[in-house]
Amino acid sequence: MKFSAELMIVDGEKLVLLIGRDITDEKKYETELRKSRDAAELANRTKSEFLANMSHELRTPLNAILGFSEIIKDEVLGPLGDRRYSEYAADVHRSGTHLLEIINDILDLSKVEAGRLEIYPSKVDIPNVVSQCLRLVQERADQADVSIHILITPDNFSMTLDRRLFKQILLNLLSNAIKFTSKGGSIHLEIKAKSDGGCHVSITDTGIGMSKEDIAQALTPFGQVDGAMTRRHQGTGLGLPLVAAFVAAHQAGSGSKVHRARAPSSGLTCPMPMARKPWIGSKIR
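Heads up: the sequence shown begins at 1 in UniProt numbering, then just goes up one per residue.
Heads up, some of the hints might be wrong.
Claimed, not checked - Pair ranges (Cβ atoms, derived):
1) Leu77 - Lys192: 45 to 55 Å
2) Leu134 - Ser158: 12 to 22 Å
3) Ala39 - Asp11: 19 to 29 Å
4) Ser69 - Tyr29: 12 to 22 Å
5) Lys194 - Arg21: 24 to 34 Å
6) Lys35 - Glu139: 23 to 33 Å
By construction, these hints were calculated from the structure, which means they are not laboratory data. All residues carry an ideal CB built from backbone N, CA and C; glycine is no exception.
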């Protein structure tokens with residue numbers, strides 16, 4: 001309530017007129033406006049952090065590509081038979097691959113937000129896809145001195161889903177785990193067939209983990225839990241949001257079920273269906 005008082009004289013007598021007004025709706029409206037303003041400011045800050053980090057992420061591989069390719073082009077080290085040229089060429093290839101991954105993440109995110117993510121379901125050999133993903137991340141894991149353990153139950157089964165998106169889910173989960181797991185740590189990836197024909201993809205690691213309060217933010221585009229931490233470990237911060245979007249695109253019931261804890265372990269579980277249903281915002285090809 002909001003009260004106001006006014007002194008009045010009636011028939012020679014001094015009276016005080018007290019008026020009370022219910023301002024519950026007004027206060028509620030002010031609170032909603034304040035929350036909307038805070039949310040908008042937070043979105044602007046996180047997007048600014050994302051763009052600042054993105055400029056660094058894009059420049060780093062480009063500098064390597066331009067620098068090493070110029071050395072090779074100008075034969076700075078002598079004739080092209082020198083062993084170091086092949087090492088520089090490998091650096092150029094790695095940098096180009098990293099740059100392509102960043103661009104693909106951004107393009108996929110834009111498709112998700114625009115509701116134009118296209119789904120191409122097919123019968124997928126799960127162990128085969130896992131093997132491909134492991135080959136792609138093994139060198140990174142070796143450099144970080146992180147061991148990866150795989151368990152597939154049963155050891156040979158197939159599912160009908162989008163092969164590229166499923167592969168990207170696994171790569172994002174593995175890459176994220178490698179990035180935030182300390183030297184000498186371990187990662188466990190388990191894929192278990194469900195009785196309804198789908199499967200559960202679970203990954204646990206001995207990394208730094210996240211609190212429950214951080215989970216929702218980490219699954220939101222541009223919602224890196226800690227901008228400084230993201231810059232320290234490098235990366236766009238889009239890996240987990242894309243995992244959640246790709247799982248949702250397969251109409252996986254409740255979507256991604258994430259459970260993260262502080263060290264010594266953290267984990268994430270994604271339910272995937274066997275029979276994919278149409279999803280609003282996706283196109284079935």
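Hints, verified against the model:
The given range of 45 to 55 Å is respected by Leu77 and Lys192, whose C-beta atoms sit roughly 52 Å from each other. A hinted range of 12 to 22 Å for the beta carbons of Leu134 and Ser158 is consistent with their spacing of about 18 Å. A C-beta distance of roughly 56 Å is found between Ala39 and Asp11, which places it outside the suggested range of 19 to 29 Å. Our hint of 12 to 22 Å for Ser69 and Tyr29 is violated, since their Cβ atoms are close to 59 Å apart.
For the pair Lys194 and Arg21, the supplied restraint of 24 to 34 Å is violated, since their beta-carbon distance comes to about 59 Å. Taking the beta carbon of each, Lys35 and Glu139 are about 46 Å apart, not inside 23 to 33 Å as hinted.
Of the numbered hints stated above, those contradicted by the structure are hints 3, 4, 5 and 6, listed in ascending order.
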